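Model the full structure from these sequences, guided by the hints.
Line order of the protein sequences matches chains A and B. Sequential numbering of the first sequence, starting at 41, is according to the working numbering. Sequential numbering of the second sequence, starting at 7, is according to the working numbering.
Calculated directly from the structure, the hints in this document are not laboratory data. Check before you lean on any hint, since a few could be wrong.
To be verified - Derived DSSO-like pairs: lysine-lysine, alpha-carbon spacing no greater than 27 Å straight-line: (1) A:Lys-170 with A:Lys-139; (2) B:Lys-296 with A:Lys-140; (3) B:Lys-296 with B:Lys-19; (4) A:Lys-184 with A:Lys-251; (5) A:Lys-139 with B:Lys-397; (6) B:Lys-30 with B:Lys-19; (7) A:Lys-108 with B:Lys-397.
Keep in mind the model is a prediction, meaning the values are calculated, not measured.
What follows is each chain in one-letter form.
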Amino acid sequence: MLGDKSAALETLRQQITAIETNPALKDSGDVAIPDGFLATPRGSLHEVFADSLIGAGPALGFAFAQAKSLVDPVRPAILYLQLQSDALETGLPYGLGLKKFGLPAEQVVFVRPQTIIELLWAVEEAIACKAVAAVVADIGHAHKALDFTASRRMSLRTAASGASVFLVRYARDREASAAKFRWKVVPELSRSPAFDERAPGPPRWRVVLEKGSLGKRRRVAPDGEEYLVDWSENGFVLADIESRHGVAAVPRRPALPYAASAALGDRLSEAG
Amino acid sequence: MLHLPRWATDCLKRADPALAQSDKPLVLWEKQRGAMRVAALDQQASAEGLSVGQSLSDARALVPNLETREIDQAFTGQVFADFSDWHSNASPIVSVVADHAPYGDLCLDITGVSHLFSGEQAMLAQLISRLEALGYAVDGAVASTIGAAWALAHFAPGQVLAEGEEGRALSYLPVSALRLDEPQIAGLVQLGLKRIGQLYERDRSSMQARFGASFLLRLDQALGWAEEKLVPRLPLVEHFAEHRFADPIGLMDDVLMCTHDLAVQLSLRLERQGIGAQAFHLFLYRVDHKVMTLSVNAARATRDAGHISRLFAYRAERLGGEYDAGFGIDMIRLAASSMSPLQAAQVGAFGVDDGAATLDHLYDRMASRLGALAVVQSYPVNTHVPERAVKLVPVLAAAAEPEVVAPLVRAPRPLRLLPQPEPINVIAEVPDAPPASMVWRRVTYRFVKASGPERIAAEWRNADQALSLTAETIEAAKTSGGPDGYYEEGTLSRDYYIAEDDGGRRFWLFRLGLLGIARKPRWYMHGFFP
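Right under this line is the structure:
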């Protein structure tokens, strides 16, 4: 009786050691974080959350920005996956817009499956490829097939292969998932370019790292690390968190005292 | 040449067993010039003395217990086309000779094939007997020209004609054996020219003047003086591997296993010749004369057997419930097309693996499972109209895409573009000011910042299609544009604004039509910025 118990305990212990020594299952804290602002390690599963489908631009922008940082000559490709039905609602990434965003359109391949099962299959198939840097899966709605088991499976595969996966989700409540990092991206009022206070500037996001850690603890918000960043073609720029309300304030004096006429010509910002 | 005189009734009887078992004569009718006329008969009905072209009421009066159906010409022709494809298990070149009727005549080019069936006579007997076993009435003949074979199959079936014998063999057949049309036959008979042999010695120019060039052409084609080409229904394949089964197989797994074996055979053959292929086709010949075709494409030429069979496995997965082996598959053929030279390459010691090959394999696998149109890449187009400035090209076809110099765009572009601009309600301080707020999808957004306008004029050469955006704009273009959608300066121009709302979300909006020119400018929402 006693012998049985100790034998069972021994096998359990062995199992636990096996799990602990498996590199794929290590806690995110043990993974070496690469240098660079907001840089994430290769081969990790991320979830990028936006509150609603209206926030589709910033969340996708953040995912693409992260994916771009993972591209190198050995892993040149980024795959974008979206259900065909979702594209009708939120639109497809626009080739010229991607170029303006700093991502050459020929680097991104769009995969448009019809069902979530096909989408998950495509994600796995893409992870297995040695030349894929990152997979951005844009998932408009919650699906039953995308549960904890599915995310666990993806997380193990990414860790084994070295390609990162970004699941872009649109919801306020969080489901259980095995993702190593969970981000929340909220758009913020942008800093106006010089000489034109009424024009929008480069994208500015408030990025909250709700799960996982980049090592440098910057606990600003109670629910995780929080960064206020601007995106430029060259990468993230940390915007000063303290002054964000000051910059975003309504301009003291409009550029022109009256409503400008379209006849004044092209008022697109000169400063980009 | 195989001739199936009772195809229409036979194929209906095969589809409907109750019809096959009934002993009533079957007649198919169709409406011709307002009257119901007999279009096809079965064996019993013609034994009763009925004939094609008779009116249906006459036929009913003659044979009271007649079974009648309306003929579906399109369906019958389609089934015959599938049926003819199935015959490609006997010969690679099969075509339907539709000169006389859209179905019923099948021509096989058996050059270099007949020895596989131990001779032409034996091959003819074999093809005919296997169709008779399926319950078809069938006649056949072998000759060296299409015209002669047609004539023999219709009027003196069962013969195998040696080359050069056409003139003698055809001379006793009636002139209607030449695939002529009704007025020509009637004219010839009126002149007393009832047999083909009587035409040989006639003066050609006077015959041409009387009956037209097509008459001489048909005569020459039958005698082998003018060449006639078959139009094969399936594209010709030079490289293929095939496997015949003694017992028909049914399971998809068995098919895939066999496909792998065939892929290995095919790749060895391709390797010997130093070529690779980009398209592979799998033909599954079912015992009940149907052919299933599966095709896969590769982004770059390949002969990797493992890759080919994996592509077919994914393709089969997409097939799902559509796969139906019927009574079994007795032959599988794997064919390759789109060949290009592919030399064996040695992996260099200093070469850098850029991953392009593995990526192409990945796209192949995805396209075979999800469909070629589901794996796309965006390509620039030489235009300024935003929704047309980019097109999605399947990755598999991307190599063939010509290089385009797209116009340089300096202004910002959104990260996401809606599939169709959506009409919105916009409030602006003055009509030509940037928007102050909008209602989109029943939600109001208040803008705090905006920049623009960026004016994009319509392309006059596409003015008639420029606005097939939404139902309203099509309507608007009809009323505001000139007659027949002529281009009118200003009505179709767009002013684009980037507007940022109080939550920091940035949208791409445009006003269609210039103020003061367009009768009723409208606002649309077109995309999201990051």
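Hint consistency between Lys-170 (chain A) and Lys-139 (chain A) [alpha-carbon to alpha-carbon, up to 27 Å]: holds, 25 Å
Holds or violated: Lys-296 (chain B) to Lys-19 (chain B), with C-alpha atoms at most 27 Å apart: holds, 16 Å
27 Å Cα cutoff - pair Lys-139 (chain A), Lys-397 (chain B): Distance of about 14 Å is within 27 Å: holds.
Satisfaction of hint between Lys-251 (chain A) and Lys-184 (chain A), Cα-Cα up to 27 Å: Holds - the C-alpha atoms of Lys-251 (chain A) and Lys-184 (chain A) are around 22 Å apart, at most 27 Å.
Pair hint Lys-108 (chain A) and Lys-397 (chain B), alpha-carbon separation not exceeding 27 Å: holds, 22 Å
Given pair status - Lys-140 (chain A), Lys-296 (chain B), alpha carbons within 27 Å: violated, 53 Å
Pair hint outcome, Lys-30 (chain B) versus Lys-19 (chain B) [Cα-Cα no greater than 27 Å]: holds, 12 Å
Checked against the numbered hints given earlier, the structure breaks only hint 2 and satisfies all the rest.
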